[in-house]
Amino acid sequence: MTETTTHHDEVSGANKVKLVLAWTLVGIPLLWGVLNTLAKSALLFQ
Amino acid sequence: MLGWLDRSHTVAKPGFSRWLVPPAALCVHLCIGQVYAFSVFNLPMTRLVGITESAPDDWKLTELGWIFSLAIVFLGLSAAFTGTWLDRVGPRRAMFTAALCFGGGFLVSALGIHLHQLWLIYLGYGVIGGCGLGLGYISPVKTLITWFPDRPGMATGLAIMGFGGGAMIASPLSVWLMEQFSSPTNVGVMGTFVMLGILYLCFMMIGAALVRVPPEGWAPEGYVAPAQPKKLVTVNHVHVDEALKTKQFYLLWGVLCLNVTAGIGVLGQASAMSQEMFPGQITAVAAAGFVGLLSLFNMIGRFFWASSSDYIGRRNTYMIFFALGMVLYAIVPWTGSVGSVVLFVACYAVILSMYGGGFATIPAYLRDIFGTRYVGAIHGRLLTAWSAAGVLGPVLVNYIREYQINNGVPKADAYSVTMYIMAGLLFVGFILNWLMTPVDDKHHMSEAELKASMEA
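Which chain is which? The protein sequence lines are A and B, in order.
Numbering (my numbering) for the first sequence: 1 to 46.
Numbering (my numbering) for the second sequence: 1001 to 1456.
I should point out that these hints are in silico values taken from the structure, not numbers from a laboratory.
Do not rely on the hints blindly, as some may be mistaken.
Simulated restraints on C-beta separations [as the list claims (entries may be wrong)]:
1) Ser1446(B) <-> Asn36(A): 49 to 59 Å
2) Ser1039(B) <-> Gly13(A): 40 to 50 Å
3) Pro1279(B) <-> Lys16(A): 54 to 64 Å
4) Ala39(A) <-> Lys1451(B): 53 to 63 Å
5) Val17(A) <-> Glu1455(B): 35 to 45 Å
6) Ser1453(B) <-> Val17(A): 34 to 44 Å
7) Tyr1223(B) <-> Ala39(A): 37 to 47 Å
Listed next, the stretches of chain A that the computed footprint assigns to chain B, with coverage defined by at least 3 CB atoms under 8 Å from CB atoms of chain B [stated by the list, open to error]:
8) 11-17
9) 25-37
No residue lacks a Cβ here, since even glycine has one placed at the ideal position from N, Cα and C.
Let the sequences and hints guide you as you build the complete structure.
Set out below in structure tokens:
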């Protein structure tokens, strides 16, 4: 199968902002969940 | 009005960053990963009438256990049967539908709590929510693989990592919400279901709004498809119906099923197993910490192993899962006999990382073997292996343990045979993975078939 190699220009400013917001949106709850789990896990080694 | 859901409206415009697609997928997977934390509702739901303790009219734990089982069954069924539809309509409509089903499932279940009708919860969370789980799970996979032809393992690993991490968010969040909604006359489950339903609906909708598909023929800057691909990486495409006629599909089905069986069997029993193997050393509270740690390694393994597979190859990654898994399962009884909690935890942390890694690496393995065109649909069908493992794993662990205890084996030693059987299952998985070969040319789609399928 043939595959062309077109690609887009630089990421636009608006998309850069979206990028930061989107990763923050998923990163904060994930980090909260991980920290919560680590705090509980610490009991295992006490 | 719903035209924005069409595939044509999701084609990325110039200036779009492909790194926006993983968070879109994570928006969905972080929500549907809640299913692993559903057990936090079980005990409160046995006290909906009696509030402080179960009343005669309250539901039994055995009845409530069916909610989770139904959700997992419908996850597998919907993933298997909607893959082709998803392929046709694109990721946004699929994510939108998944959000409606999963969020809506919570709302129907809240009504079930209000009316005290268990069948409404079976229907809401089990059937409707379960369909949302299946659709949500497979919807971003093909899109991610198309955006990241240079690192498909890492891309799908990122999304599927969210499924592992979802429970770590949902569990404390649900407990906190139940505390807020509880009162002397209410255990707070209904309010929590309504809140979670709305929250998950909104969060998954953000994912649907963010997701984009690349324009036809797009490739990342500097990426050139290898002229001479590796032996087990095809540049052709296999139709989803044709894939079911290949031995490779069944080999991969077996590989996934056996890898998941080994992990899922111990995951469900982790708390009891740690306390019984280390009596007096691991308390019930510490055991809860152990389960949490396993969830964390399950999540980390999804990203780590799937990303590594981009460099060491999919088959080699599964070889490591099976070979290292065999050694670790064989070592576990010894850690109990020498009383080393640290070694015991370390063994299980690696085992659970490979359990998660198995889920996260399989989409890229499918892409290597069957091509990208129908990878989403094929992945959906392969997830039936998960449903089978969901039954096989816990049954193996529970029945073997019960049989041994009934035959006078001390509780602390009762898991040894189970561990050796798990190691045996992994050996079978090793052989299946070792037998993997490229798909015969006769199964590949012709240029005309591929063009026709694109137009359709």
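A quick look at each hint next to the structure:
1. Ser1446(B) <-> Asn36(A): 49 to 59 Å: Check passed, 53 Å falls within 49 to 59 Å.
2. Ser1039(B) <-> Gly13(A): 40 to 50 Å: Hint holds: Cβ distance 45 Å, inside 40 to 50 Å.
3. Pro1279(B) <-> Lys16(A): 54 to 64 Å: Distance hint for Pro1279(B), Lys16(A) holds at roughly 56 Å.
4. Ala39(A) <-> Lys1451(B): 53 to 63 Å: holds (55 Å)
5. Val17(A) <-> Glu1455(B): 35 to 45 Å: holds (36 Å)
6. Ser1453(B) <-> Val17(A): 34 to 44 Å: Since the Cβ atoms of Ser1453(B) and Val17(A) sit about 37 Å apart, the hinted range of 34 to 44 Å holds.
7. Tyr1223(B) <-> Ala39(A): 37 to 47 Å: holds (42 Å)
8. 11-17: holds (count 5)
9. 25-37: holds (count 9)
The structure agrees with every numbered hint stated previously.
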